[in-house]
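The residues making up each chain are set out below.
There are 4 protein chains.
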Amino acid sequence: MINFALLGAGRIGKMHAELIAASSKATLSYVFDTHAPSAQALADKYNTAAANSIDEVLKDVSVDAILIATTTDTHVDFIVKGAKAGKAILCEKPIDLSTQVVTECWEQIKDLNIPIQIGFNRRFDPTHSSLQRKLADGEVGVLQQLIITSRDPDMAPAEYLRHSGGIFRDMIIHDFDMLRFITGEEVVEVHAVGSTLIDEGLAKFGDVDSVMLTLKTSSGKLCHINGSRRCVYGYDQRIEAFADNGMLQSTNPLPHSVSTSNAAGTQSQSQLNPFFIERYQQAYQRQLESFIDALINNIPPSPSFTDGMQAQILADAAQESLDAGITIKL
Amino acid sequence: MINFALLGAGRIGKMHAELIAASSKATLSYVFDTHAPSAQALADKYNTAAANSIDEVLKDVSVDAILIATTTDTHVDFIVKGAKAGKAILCEKPIDLSTQVVTECWEQIKDLNIPIQIGFNRRFDPTHSSLQRKLADGEVGVLQQLIITSRDPDMAPAEYLRHSGGIFRDMIIHDFDMLRFITGEEVVEVHAVGSTLIDEGLAKFGDVDSVMLTLKTSSGKLCHINGSRRCVYGYDQRIEAFADNGMLQSTNPLPHSVSTSNAAGTQSQSQLNPFFIERYQQAYQRQLESFIDALINNIPPSPSFTDGMQAQILADAAQESLDAGITIKL
Amino acid sequence: MINFALLGAGRIGKMHAELIAASSKATLSYVFDTHAPSAQALADKYNTAAANSIDEVLKDVSVDAILIATTTDTHVDFIVKGAKAGKAILCEKPIDLSTQVVTECWEQIKDLNIPIQIGFNRRFDPTHSSLQRKLADGEVGVLQQLIITSRDPDMAPAEYLRHSGGIFRDMIIHDFDMLRFITGEEVVEVHAVGSTLIDEGLAKFGDVDSVMLTLKTSSGKLCHINGSRRCVYGYDQRIEAFADNGMLQSTNPLPHSVSTSNAAGTQSQSQLNPFFIERYQQAYQRQLESFIDALINNIPPSPSFTDGMQAQILADAAQESLDAGITIKL
Amino acid sequence: MINFALLGAGRIGKMHAELIAASSKATLSYVFDTHAPSAQALADKYNTAAANSIDEVLKDVSVDAILIATTTDTHVDFIVKGAKAGKAILCEKPIDLSTQVVTECWEQIKDLNIPIQIGFNRRFDPTHSSLQRKLADGEVGVLQQLIITSRDPDMAPAEYLRHSGGIFRDMIIHDFDMLRFITGEEVVEVHAVGSTLIDEGLAKFGDVDSVMLTLKTSSGKLCHINGSRRCVYGYDQRIEAFADNGMLQSTNPLPHSVSTSNAAGTQSQSQLNPFFIERYQQAYQRQLESFIDALINNIPPSPSFTDGMQAQILADAAQESLDAGITIKL
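Protein chains in written order, with our numbering: chain Y, 1 to 330; chain D, 1 to 330; chain R, 1 to 330; chain Z, 1 to 330.
Hints may contain errors.
Since the list can't tell identical chains apart, any single copy or any two copies may satisfy a pair.
No more than 30 Å apart at the CA atoms, straight line, and that leaves these computed lysine-lysine pairs for DSBU-like [to be verified]:
| hint | residue 1 | residue 2 |
| --- | --- | --- |
| 1 | 59 | 14 |
| 2 | 81 | 110 |
| 3 | 14 | 45 |
| 4 | 25 | 45 |
| 5 | 25 | 110 |
| 6 | 25 | 59 |
| 7 | 84 | 59 |
| 8 | 110 | 84 |
| 9 | 25 | 14 |
| 10 | 204 | 329 |
| 11 | 25 | 84 |
| 12 | 81 | 25 |
| 13 | 84 | 14 |
Don't read these hints as lab results, they were simulated from the structure.
Sequences and hints are given; from them, build the entire structure.
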């Protein structure tokens, strides 16, 4: 049994608490949140303790791992403290909005050899990971081109967006990780364009709501990502992999399937999942199990801290490409 | 080259004329129709002759084959005359509405060894025939249950229906043939129910517009046919074959495929083909080629006259089952 | 909060325990099973008590409802005892294998006015119930024909089948209920055929493994059910409703969706759910919520005891039709 | 009736001859080809004359229109001659591989006011044009992003490719036209990347086999095109249009549809159309009818000569972007 302390009792923290509680290999000993009543309420729900401070958690030797689901600006501090206290760490993405801060964090912890995993949950999605595995198994030969469609259902609040680090660091970072996961290669060129087609107000803080990227990997594979902050038909998350012997598609799973045929054609009432918590429910669960299994079997968890750094570097490059209107070489 | 005379210049006759003209292995020498202007118009279109009488056609030794697309009540007369004149025959279904007449016809021609094929065109539909071939090839093992969905887009005119011989002999006869084609077995039991759910007026002449049948084959395979005279979403023609190692589905081919996704779900504007001429266009073409190839290669064409008789017998049994409310054993 | 006692700690009992535990409107006070260690283990898992006897449960006034998930032969005894003790009842289907026993049970309890619901969970399946609602809302007009496909993934053990009451009472009873639920009418005619196409051994105790039924409702709607004890491609559960203004299809929801396109065509690796616990997970959950809501709001739960009786009567009629080779009028 | 002379009796010329012959509004008077026997053979097939020279055709006042289906390097010469002779012109794409030559051609003919249409047949594809119309009708609101997938089944012969003008001018030019057709806007930025992932030999003459492009239109819409010279699963031609109220997909029409379900999942045997003649058969037919109708109704045919020029300019920009590794502004 892996004994967890959960840092962060917000929306995503609540989901993690539920997953830890449901796991047969995990226990939850603490919930910590800077907003004490939230921590207490969540702790009560799972018959566990609310921690008064992060130190209280870290000095408890019964705690094996910390799951960091607090706001992004606190991640690095908690990672460093947790690592120094010898705790295994599962940290929500992104590590930090600044690649420099991420790099400095890495300098502080890399020699501690603490098991640390970054929350790129989509690697554990049954559909996407099946595509990756088939590709890795050579089922359609050698990958040539990759297309990732990544469209959020709706704009986050303006205040959130203002501090989000921009669409690449906040949202597309998941797709950068998927690209690395699926191609198994590093990116050597990034070209990004963007527009404010949904909310012109984003321009005030240099952000966009609609983007298209072209990325080239070390062996010359061509990758495209399209992203949007608003998608009225639901959370659209698809991948297409064109290879020399065939093509793989990971399409949106449909919650259920009733269709109506009439003189106008066929109407499927099935709607996409509304957002990531519903869409990637299984992925979050499998992510947790993967982390736990790595701890139990004493193997390095994956995706690693450096996977988190690499995605960050791609986000920076995309932002620079967008800002300068040029292709960035890496 | 096979030289054809076409009997019948109505809707279906026009289609056959076009197919003969388009075939690289066939020529069209005559068009005959009791309505002379129709024959003349069609003959003109294809730069060929309108025959004044059936005898004119039959005594011309250059005519290899007659294609009978006249009204049902003339089929047997033309078959017998054609066979006696030594012409190969491709005759539209049904042979006749009376099984007794069909049987008597067979008695007159069976010893003449004339190549004769009955127009169960669906055996040549790329989709349905592919299902049959996969099943015959054992791709999903041994067939256990078969479901045929057969729904016409709309009611034929009342006058047509009054003389149609009823839904089983006029419409479902195609499905009886498909059942025999796909199972490769004879039917030993027929149970039919029907209702007038579309037009109660059919009851006046003992007909129904909506039917369901259960048929059992010699080895115990269970078959279901559902049929309707009206289907607002188009011409619905599907087959499902359940076998011990899998299932085959022949679904409706869609003319084209644009879909709209919005907050209400996904709407495909693709509509089914309106009716049999569009749906079974390729089937009619391949039927003609199959007949021609049989003549050229001197092998018996298929489906045969006796296939036509067997479908007729099933139609009679279905009608008897419906009328008497009992299961008919064959 | 509705306080439950669970009777039966087998496979289906465990699932119900989990659902009760997960419900925010329910508590679980007792688990009873004739096999005491099973009851104890399940009670321990949910921090509740194992009951030593059914009487211990029934005399506890804090128990609002009993959920009967024991073997079929015990259902009626527990229903009568529960009803006399004033407990609300949610009982797994079928009520009993004998319609006479069911009827006698009804005589004993009908005047007690106890809320009682029979476990026809499929009425709560999001997909099937959506079809029913759309039909009831007139979205495609008036229903004319209904097709239910109901195929289990694999044969149950021979010992189970021997005492199952036969395929109609054990398996197709769900489909009889769906038919009544969707048509909103009573059946007036039943015709059933069956074969032993999977295991001839079933013939020894008069059972079959493959069935097709035609049922006619009071207004003349035509319904077809096809069923099989073995379906190698998974648990196949579909409904098609043909109406005068269109058609509704409830198809198999797919767990996830990756497809491979290559020179051979397109292969979807998505498999159907293996069996009812996975397929109808949401249905079981919504069934429980529906029962709880009925109790809280003091309205009669549905499907009712008489719904259970009616499905039983259809199962008897189907068996009689199969045995005698005739159509049964009701 | 529009009287045509066909220039070019190669593969595409044969298809046009067949379409002209089949049209009820067109006649075919001449076939011309520099290879006289090819012209004669095709003329014989349609009972018409083989022209000995282009002049013979142009001085015949009964000829209303010329259809240019010769090699690309002859297009401009025939366009200018045809225009000066007062003939309406339907010319296969591209007008010429050199934009300068195209521009000079335009200078010579623009004041002659001859009806001239460029053979961007895909504008007439039922599926793609339906998407365009729905978008223009505002069915999903305002377009934001567009994705065009354009993958040929296999590499053309090396000799053809060497003189093809490169993948952008030879193949992707169709997609540039589709982009302009669907967005209804001009492109202001082009970014292209490419790799030789199929045949490294292409690098010898500066070509690539796999490309990805990002294009931005005047209002900031973002467009992506992915292209490949080889696609083992068939001719893959799809369009996705993301708009503020929904999404439109134009997917590959399937010739027919049989699927096999077994323990491994569901396999559709339907394959994509092999190549453009099969895929765009209806488009070519509707293109011809559109041209004829424009002549009959005395309206300018579309897509116009300048549409052809604009696509050419985009192809040049893409080539420049690929060669220089920069984004090209227009």
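Structure-based check of all given hints:
1. In this assembly of identical chains, residue 59 and residue 14 lie within 30 Å of each other by CA distance solely inside one copy; the values are 23 Å within and 39 Å between copies.
2. In this homomeric assembly, residue 81 and residue 110 come within 30 Å of each other (Cα to Cα) only inside a single copy, at 13 Å, whereas the closest approach across copies is 67 Å.
3. With identical chains, the CA atoms of residue 14 and residue 45 are at most 30 Å apart both within one copy (10 Å) and between copies (23 Å).
4. For the identical chains of this complex, residue 25 and residue 45 are neighbours both inside a copy (19 Å) and across copies (15 Å), given an alpha-carbon limit of 30 Å.
5. Taking the shortest Cα distances, residue 25 and residue 110 sit within 30 Å of each other inside one copy (27 Å), while across copies they are farther apart (48 Å).
6. Only within a single protomer do residue 25 and residue 59 lie at most 30 Å apart by alpha-carbon distance; the minimum there is 22 Å, versus 38 Å between protomers.
7. Proximity of residue 84 and residue 59 under a CA criterion of 30 Å is satisfied intra-copy only: 11 Å inside one chain copy versus 58 Å between copies.
8. Within a single copy, residue 110 and residue 84 get their C-alpha atoms as close as 11 Å, which meets the 30 Å cut-off; across copies the closest is 69 Å, which misses it.
9. In this homomeric assembly, residue 25 and residue 14 come within 30 Å of each other (Cα to Cα) both inside a single copy, at 18 Å, and across copies, at 20 Å.
10. In this homomeric assembly, residue 204 and residue 329 come within 30 Å of each other (Cα to Cα) both inside a single copy, at 28 Å, and across copies, at 24 Å.
11. Proximity of residue 25 and residue 84 under a CA criterion of 30 Å is satisfied intra-copy only: 25 Å inside one chain copy versus 44 Å between copies.
12. Only within a single protomer do residue 81 and residue 25 lie at most 30 Å apart by alpha-carbon distance; the minimum there is 25 Å, versus 41 Å between protomers.
13. In this assembly of identical chains, residue 84 and residue 14 lie within 30 Å of each other by CA distance solely inside one copy; the values are 26 Å within and 43 Å between copies.
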